[in-house]
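S.K.: Take these sequences, add in the hints, and give me the full structure.
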Amino acid sequence: MNDQRRAASPPPLSLIALGGIGALFFLLPLVGLLGRTPWSNLGSIITSDIVVDALWLSLTTSLAAAVLSVVFGVPLAWLLARVDFAGRDVVRAIVTLPMVLPPVVGGAALGFALGRRGLIGGPLNDATGFLLPFSVWGVIAANTFVAMPFLVLTVEGALHNLDQRHEAAATTLGASQLRVFRSITLPMIAPSLRAGAVIAWARALGEFGATVTFAGNLQGRTQTLPLAVFISLESDRDAAIAISLVLVAVSLVVLLSLRDRWWGTR
Amino acid sequence: MTINLDARMAVARPDGFALDIHLTIEAGQTVALLGPNGAGKSTAVDLLAGLLPLDEGRISLGDRLLDDGERVFVPPAKRQVGVVFQDYLLFDHMTVAENIAFGISAGGRSTADSITEAMRWAERFDLGDLANSKPPGLSGGQAQRVALARALATDPALLLLDEPLAALDVETRSTTRRLLGQHLQQFEGPRLLITHDPTDAFLLADRIFIMENGSITQSGTPYDIRTRPATSYGASVAGTNLMTGTNSSGTLKLDEFDHLLQTSDTGVSGEVLITIHPRAVALHPAQPHGSPRNTWETVVEGIEPLGDTTRILLGAPLPISVDITPASTAALHLSIGTPIWASVKATEIAISPAN
Amino acid sequence: MYRGISSLVALLLVATACSGRSSQQEVLVFGASSLSDVLRDAEIAFEAANPGVDVQLNLAGSSSLREQLIGGAPADLFAPASLTVMDQAIEAGEIAGPVTIVATNGLSIVVPSGNPANVTDLSSFGDRDLLLGLCNPAVPCGAFAREALAEAGVDPQLDTEEPDVRSLLNKVANGELDAGIVYQTDVLSAGDAVEGIALPARTNRSLSYGVAITDRSDSPELAAAFVTFLTSEPGRELFTARGFAAS
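Protein chains in written order, with the working numbering: chain A, 1 to 266; chain B, 1 to 355; chain C, 1 to 247.
For the record, the hints were derived by calculation from the structure and aren't laboratory data.
A few of these clues could be false.
Per the computed footprint, the stretches of chain C lying under chain A, defined by three or more beta-carbons under 8 Å from a beta-carbon of chain A, are [as the list claims (entries may be wrong)]: (1) 80-86; (2) 150-162; (3) 200-212.
Below 20 Å or equal to it, Euclidean Cα-Cα: the simulated SDA-like pairs (lysine to any residue) are [unchecked claim]: (4) B:Lys78 <-> A:Pro191; (5) B:Lys78 <-> A:Val248; (6) B:Lys253 <-> B:Pro317; (7) B:Lys134 <-> A:Pro191; (8) B:Lys134 <-> A:Arg165; (9) B:Lys78 <-> A:Phe181; (10) B:Lys78 <-> A:Arg165; (11) B:Lys134 <-> A:Arg182; (12) B:Lys253 <-> B:Lys134; (13) B:Lys134 <-> A:Leu178; (14) B:Lys78 <-> B:Arg64; (15) B:Lys345 <-> B:Pro288; (16) B:Lys78 <-> A:Arg182.
Pair ranges (Cβ atoms, derived) [to be verified]: (17) A:Val31 <-> C:Ile70: 36 to 46 Å; (18) C:Gln25 <-> A:Leu59: 53 to 63 Å; (19) B:Ala112 <-> A:Ala23: 49 to 59 Å; (20) A:Ala93 <-> B:Ala230: 48 to 58 Å.
Even glycine gets a Cβ: it sits at the ideal position worked out from N, Cα and C.
M.R.: Take a look at the structure:
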């Protein structure tokens, strides 16, 4: 009843106008992309080895990055939100640095840490011969580096907003901190956690600069869709636009389907 | 061994509020900590439950020392203090059975075992049909029973109830309070009831501690509190009208007065204790029209200023206390002997079995 | 992306340059990244010799510059890294004047300083155990390097195909890669971090840098003067100082 009444009064014109311009700002580039798409040979381009390899690599590495972001990012967010340790503000700032840093700089910095002559990568390579750059693991590392801050910020915000009395109630029932975290905290922040994971995944899917700087570019091994687009821009504009379209389509399909299932009315 | 609570608790909050109280409760006894909002009652709950450490003092439960403000601090998970929180704080993502089982499995039992045990508690608290429901669908009374079952299922050594009735509708409060009283009998340890409502204290507690501004200002049996109030807050509490009578289908026949009252609580018949909060009574210059089922004509027999309220003592047929604002007193031109009409809603008349 | 950012910045510079044209004589040069250093040197020298003249540089990858030109960006001079790109611009009708060859360059194997992997010559690019990179075939340095490897009969075992010569050079300089193939001038510009290994003349093509006045130039005389300067003795010295062979 209340909903009907609210729907009956139209939203303010000024908000419609400004919001509409905001929407057009995103819609028009998409229309432009569709307008320039080489529809006649689209099929052959998007079924080419380059695109199929890049699509598969993009999907697997972005998913892996989202999973790693959850595995390491959720505990990190919990520490930042709940444990009052020295230097917490500094740690938080460093964690969010990849959001403001140009990804190329991030990729270079990753190289200094995990590359063949990096702080950790060097000794690791000497001892085991394992090397992150120029491998799919390097792509995943670069993706996780740029994606995880989004998850950490989302989850930390949710933890701050959570009414901690439920957690207190659980401890009076004899539950350990770890059990409270697992059985009470995580389920209660689940909507934010899912949203954060989706944002992290989306960021990883579109990641370019850190990947090419840290992991290089080789078809089938490290060339993700964004890298394929960039390389194609140098030689074959039509191919670049077609590959961009694949990236857009995959992103939209995933975001729309997850939105229904995960971000519906709580 | 009789487990009893001996808690001397002192703590200062950053906002300048300081609490310094001494509570003792024997096993099987219900003590009410009664005070106005802001008296520090919830801080007392946090201190006893281990959610807040003592600055100074000593909390012992049976032969266990829980907190001495210095070296000893038993964390909440190891205190064996069951708490029914204000608003109950049920876990909305779990079923009723899972809520009750949570503390059982946290104590080391297998999940299957815990659920079986939880089902027994659910049956005992008349929640069997709701075992697979989630808390958002429960009524206030049901949620309170889940919270109580969840706390008792952990086999606690002390039971804390923080405003267990405040979240309920006036209509169901009296019934739920009586049920709560029955369920409390199942717990043999010390029981502490935190409330701002004198009715809860008078109907459920064996002893009452009155707490104001972080200190205990008076303690004693409900009879002591009623007959010898020590502060103006105590006096307003003492003004709570307490009578005995017989209930038959919502009609109350009073033992001491020749008057019938209507209550919406028909859950108990026979001999009952009856309370009417002094602020629940309205005074009118002429016979009121409309809904109240209890209206009667009487005269003013006494007027006592009590700080921000004025207590009016009514005469026959029902000599009860009524608290109204000084402004209303003036507007009604009240003085000793003024004829007046009194009214009380049937939902405001609380009863419990008289035994 | 970083190249995208730099071309965006360049476009902003171009825009500001256009707004100030009335007060000063300006010549706007669209130059390939590999010409960055020498064009900056030339800008300083030319402006010193011609008071009141302002040389503006828009430095980016050759293909990007070509796309900007075709997209209508204002430029007086076009100086790409390959004559193929120049031909594409001519075909698109963007070039007015003749193409003047100002310098030549060659390819070089580049290794981290000290050559830790003991790379010897082009045959090392067939070694699976080394970490090897080239430019992507879509950019000139990648195409040229593949021609050289094909000439030498080597099937390269690559770990990466970098989108441009700078990122390839960086990965070698950082020691991430054991070897790459870049321009001779790049080896010089990277300083002590890398060493060059010359390619035999047989496999090394001479790559020519051509400069031409654009069809839309507002000041073709000034542009012609700048080209003349580049081919003069002081101009040739600037090229040789940066490792080019002046023509």
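S.K.: Against each hint, give a clear statement of whether it holds in the structure.
M.R.: A quick look at each hint next to the structure:
{"no.": "1", "hint": "80-86", "verdict": "violated (count 0)"}
{"no.": "2", "hint": "150-162", "verdict": "holds (count 5)"}
{"no.": "3", "hint": "200-212", "verdict": "violated (count 0)"}
{"no.": "4", "hint": "B:Lys78 <-> A:Pro191", "verdict": "31 Å, violated"}
{"no.": "5", "hint": "B:Lys78 <-> A:Val248", "verdict": "54 Å, violated"}
{"no.": "6", "hint": "B:Lys253 <-> B:Pro317", "verdict": "13 Å, holds"}
{"no.": "7", "hint": "B:Lys134 <-> A:Pro191", "verdict": "18 Å, holds"}
{"no.": "8", "hint": "B:Lys134 <-> A:Arg165", "verdict": "19 Å, holds"}
{"no.": "9", "hint": "B:Lys78 <-> A:Phe181", "verdict": "17 Å, holds"}
{"no.": "10", "hint": "B:Lys78 <-> A:Arg165", "verdict": "18 Å, holds"}
{"no.": "11", "hint": "B:Lys134 <-> A:Arg182", "verdict": "19 Å, holds"}
{"no.": "12", "hint": "B:Lys253 <-> B:Lys134", "verdict": "41 Å, violated"}
{"no.": "13", "hint": "B:Lys134 <-> A:Leu178", "verdict": "24 Å, violated"}
{"no.": "14", "hint": "B:Lys78 <-> B:Arg64", "verdict": "11 Å, holds"}
{"no.": "15", "hint": "B:Lys345 <-> B:Pro288", "verdict": "12 Å, holds"}
{"no.": "16", "hint": "B:Lys78 <-> A:Arg182", "verdict": "19 Å, holds"}
{"no.": "17", "hint": "A:Val31 <-> C:Ile70: 36 to 46 Å", "verdict": "22 Å, violated"}
{"no.": "18", "hint": "C:Gln25 <-> A:Leu59: 53 to 63 Å", "verdict": "55 Å, holds"}
{"no.": "19", "hint": "B:Ala112 <-> A:Ala23: 49 to 59 Å", "verdict": "53 Å, holds"}
{"no.": "20", "hint": "A:Ala93 <-> B:Ala230: 48 to 58 Å", "verdict": "56 Å, holds"}
The structure does not agree with the numbered hints 1, 3, 4, 5, 12, 13 and 17 stated previously, though it agrees with the rest.
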